[in-house]
Amino acid sequence: IFPSNIQGLPTWYEVRVSEKGYLGRRGGVDIALSVNPQSMAQDIQEVEPGGYFVYDNTKPLDLRLLRDDVSIIGIPLTRICNEEYKDPRRRQLFKNVIYVG
Numbered sequence: 001i002f003p004s005n006i007q008g009l010p011t012w013y014e015v016r017v018s019e020k021g022y023l024g025r026r027g028g029v030d031i032a033l034s035v036n037p038q039s040m041a042q043d044i045q046e047v048e049p050g051g052y053f054v055y056d057n058t059k060p061l062d063l064r065l066l067r068d069d070v071s072i073i074g075i076p077l078t079r080i081c082n083e084e085y086k087d088p089r090r091r092q093l094f095k096n097v098i099y100v101g
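Counting in this note's numbering, the sequence shown runs from 1 upward without gaps.
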């Protein structure tokens, strides 16, 4: 699902991956890739128990957001892109590309 955000709100995108070829939404979030610091607290709460929360750990994560039932994976995306790219536009572009895969 990719909502239209005319008001400049954080954008989110959902993908379902299944070895059985299911295409419809099933509800719940197993893996969240957090790219919007503004919605991080809400994003981590939506992860199902046993799921994963991936975020840019260049800046520290608020420890109050941690959950015992979710695996937290920090990747220094901003630091990597700042070291590898001089152009600020490329830094942001490639940080988003790294998130995808």
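Treat the hints as calculated values from the structure; they're not laboratory data. Using N, Cα and C, we set each Cβ at its ideal position, and we do this for glycine too. A couple of the hints might just be wrong.
As the list claims (entries may be wrong) - Cut-off 25 Å, straight-line C-alpha distance, at most; resulting in silico cross-link-like pairs (SDA-like, lysine to any residue):
1) Lys59 / Ser18
2) Lys86 / Glu46
3) Lys95 / Arg26
What the hints assert, rightly or not - Just the calculated beta-carbon pair ranges, DEER-fashion:
4) Asp69 / Pro37: 36 to 46 Å
5) Thr78 / Gly21: 28 to 38 Å
6) Lys86 / Glu19: 15 to 25 Å
7) Gly74 / Asp30: 17 to 27 Å
8) Arg79 / Leu23: 15 to 25 Å
9) Lys20 / Glu83: 32 to 42 Å
10) Ser18 / Arg90: 26 to 36 Å
11) Tyr85 / Lys59: 28 to 38 Å
12) Gln92 / Leu61: 19 to 29 Å
13) Asp30 / Lys86: 30 to 40 Å
14) Glu48 / Lys86: 35 to 45 Å
Check each numbered hint from earlier against the structure, then list the numbers of those it violates in ascending order. Hints 1, 2, 3, 4, 6, 8, 11 contradicted; others consistent.
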